[in-house]
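Model the full structure from these sequences, guided by the hints.
This is what each chain is made of:
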Amino acid sequence: MIDFSAHDDELLLEDSARRFADEQLRPCERAHEATGCFPPELRARYEGLGLCDVLAQTSLAIAAIAWERLAAGDPAAPLALGPPRGVVVVVEQLATPFEVPWLPCARPTSLSIVAPQGVTRASDLIVEPLAAASCGLRAAGAARVTVRQPGKVIGDAADAARWLVDLRVFAAACMLGAARDAASYARLYARERTAFGRPIAHHQGLAFELVDAATELDAAGLLLGLAAASEEPAAVAHAHALVTETAQRVAERSLQALGGHGYLHDHPIEKRMRDIRALASLYGGAIASERDAVDHVLEAA
Amino acid sequence: MIDATLDAGLLNVRDLLRAFGQRYLRPAGLEADRSGEPLPVDHVLFREFAQLGFKFGMMDGKGDAPANGPRRGARTGVIAAEELAFWDQGACMSLPGPGLGGAPMALLATPEQKQRYLKAPFADASKPAWGAYALTEPGAGSDVAAIRSTARRDGDDWIVNGEKMFITNGARASWVVWFATVDPAQGRAGHRAFVIERGMPGYGATRVEKKMGLTASETAGLVCEDVRVPAANVLGNGGFKAAMATFDLTRPMVAAMAVGIGRCAWERARDAAREAFGGRPRATREVLLLDRLARARRRLDAARLLCWRAAWKIDLGEPNTVEASMAKIYAPRAALEACTIAIDVLGLAGIAHDGLVEKCLRDVKIFDIFEGTGEVQRIVLARRLLDYPAA
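So the sequence lines, in the order shown, correspond to chains A and B. Sequential numbering from 1 applies to the first sequence in the working numbering. Sequential numbering from 1 applies to the second sequence in the working numbering.
Incorrect hints may appear among the rest.
[To be verified] Listed below are the simulated SDA-like cross-link pairs for lysine to any residue, each with C-alpha atoms no more than 25 angstroms apart in a straight line:
#: 1; chain 1: B; residue 1: Lys-114; chain 2: B; residue 2: Ala-50
#: 2; chain 1: B; residue 1: Lys-211; chain 2: B; residue 2: Gly-221
#: 3; chain 1: B; residue 1: Lys-211; chain 2: B; residue 2: Met-165
#: 4; chain 1: B; residue 1: Lys-365; chain 2: A; residue 2: Gln-204
#: 5; chain 1: B; residue 1: Lys-365; chain 2: A; residue 2: Glu-209
#: 6; chain 1: B; residue 1: Lys-365; chain 2: B; residue 2: Thr-340
Because the hints were derived from the structure by calculation, they are not lab data.
Take a look at the structure:
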C-alpha cells in the first residue's frame, strides 16, 4: 500500500550518517579537499559506525539514504570512504589498453570494469598521479589510469546490469545529498542577508528560485527512492538521469543566491557545485542512463 | 522506504474507473470538445456514473476507513483522480456530486448540514445533482482575501450580494458554498462560507464560459443580488481558513489529474512511436524524440509520487501544505511537457483534433492556474520555507 514512512532501522542509519556528516565531515571538508585525502583516524571512526560497507548490511534503498546524508557533509566522503563495489569504471565496450583520464582514487591497485557484456577486475594498471587539482571530489584523491589488461572476469552481463544499478543509485544519492545541502545553505543565507531593505529571500524572484529548488529536489528524491527500492534497471536509469540534471541545476542556482559570496571558498556552495559536477561524470554519467532510458521508452508500461 | 504498491482495494477502484473512463468519459469528453459546449445535465454519462456508486466525498480521509483500519481516502482520491483524468478531465469534472464544495462541507458543516447537502441531494441515483464551490471573483483570483462579496445580518438571516467567476458546475449546482465577507474592515477574519441554494431569489448564473479546453466541464459566472440566506445555511466560522484548508485537501488530487492527462498524451505518443519506429535502428530524429519522451516520463512519475506523498499525509492526519503545494507546482508543468512532446512525436497529426494529444495540451494548461496558480503555490511554500511575509 502507498506509504512513505521511514522504518526504525532506516531512521537509525540515517541519524548516524547525518551525525557523522555534521560532526566529522563538514567541519573539515576544506582541509580534506586541500590534502586530497581523509585521515586514517577519520576512516577508523567511519568503519566503527558500520557505514563502510553499508550495502552489505541493508537494502539498496536504505543505503542510498545513508549515502545521501553523508554526501551532504562532504560529497567526496562516501566515494572515498567506502563506495559500493569499490573502485569502478563503466565503459561502453571492453577493449584494452584504454585510459581513464580521471579516477577519483589516489592509488588504485585494482579497478573493476563494468562493460555491457560483463564485469572484470583489472590489476595490470599504470597509475599516474594528477599534478593539478581536479574539478571536484578532490578529497577522494585522483589519478590517471591506463588499463593494460581487462583482467579476470568476475561477472556476466546480468551482473554488470546489477552493478550499474548499485553504482547509479550510489552516485545519484551523493548528488542529491550534496544538492540538498547547497539548497538548504542558500535558504538560510537568503533569510539573513538583506538587500533593498529586506531579506533577499523575501524578494519574489529569489524566493521562487529557492522553493523551486526544494520542489525539484523532492521530486527527484522520491523518484530515486522508489527506483532504489525497486532495484529495477530502467527505473534506476530514469532516476539517475533526473537527479543528475536536478542536482546540477540546484547547485548552480544555490550558488547564485549568495551572489559573489557564493563564489568564494568562505562558503561550501562552490564546492558543492564542483563536487556534484564531478559525481555527475561517474559511471558513464547521465548520458549513459539517459540512453538506457531511451531504450526502455517503447517497452514502458 | 517508499512503498508505491496499490493494494487490492485501490486496484479495484482504479480498474473500475478505468473501465468506466474508457467506455463513457473519453467519448463524452471528445463529444463535448467537438461541440464546444459542456455536457448537458441529462447526458447518459451522469446516470451511468451514479450507478457505479463511487463517491468523491472522502477527501478528508474519513469516508472509507475500514473498521479500525488506517485511513486511506486521500490515497484513494489521488488514484481515482489520475485514472479519471486519463480518460477525460473535462467529463470527469462534470460528474455529479458535491465537487469542490464537498471539502468545506466536510470541514465545517454540522451533521444536519451534511445530511441536507452531502446526502439528500445525491440519494436518488437516477437524478444527477451537483454542488459547487464559489470563491473566485472577477476582481479577486489569486488574491483571495480581496473578495468583495458581502453578507450582512438581517434578523436571523443574512443578505448576500456579489459576483463569482470560474465556478465549476456553477450553473447546474443545487447548492454552492459561497465565500463572502461579513465585515470588509476585518479582512480575512471577516470571511464566512454560506450555502446558497438553487432557486433562492436573486441568485443565478450570469454566463457559461468558452474555454481553451476542459470543454465538457461547465464553468459559470454567478451572481447574488440581495439573496436572503437563513442562518442554517452558514458553514461554521472559519471562512478564509476553511477556504485555504480546502486547498490542502484538493491540491494533491488536482495535481494527480494533471498527471493523468500527461500520461494520456504520453501513452498515445509511445504507441505512435512504437508503430512508426519500433524494432529497428533509429534515425537521429527518432532518438531525439524518444529522449524527450523519456524525460517527460520521469518527470511525470516523479510528479505522481509528489501527489501520493501529499495524499498519504492527509491519511495520516498530518499537515500537508508543503507537500500539496509542491505537487501542485510540479505536476502541471510535467504534464504540459508530456503533452508538448507527445505532439512532436505525432508530427503534424498531433495538431489535428483526433490525435487526442492537442486536446490533452489544451486541457492540461489550466492545471497551473486553477486551485491556486503555480505562483501562489510558490508563495505558500516560501512562507513555510523562507518566512516569506504574508501579503
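Right, here's what the structure says about each hint:
1. Taking the CA atoms of Lys-114(B) and Ala-50(B), the gap is about 19 angstroms. The hint holds against a cut of 25 angstroms.
2. For the hint pairing Lys-211(B) with Gly-221(B), the CA-to-CA distance comes to about 13 angstroms; that is within 25 angstroms, so the pair holds.
3. For the proposed pair Lys-211(B) and Met-165(B), the alpha carbon gap of about 13 angstroms is at most 25 angstroms, so the pair holds.
4. Simply put, Lys-365(B) and Gln-204(A) have alpha-carbon atoms about 23 angstroms apart, close enough for the 25 angstroms limit, and the pair holds.
5. About 22 angstroms separates the Cα atoms of Lys-365(B) and Glu-209(A), which keeps this hinted pair within 25 angstroms; it holds.
6. With a C-alpha separation of about 11 angstroms, the suggested pair Lys-365(B) and Thr-340(B) falls inside the 25 angstroms cut-off, and the hint holds.
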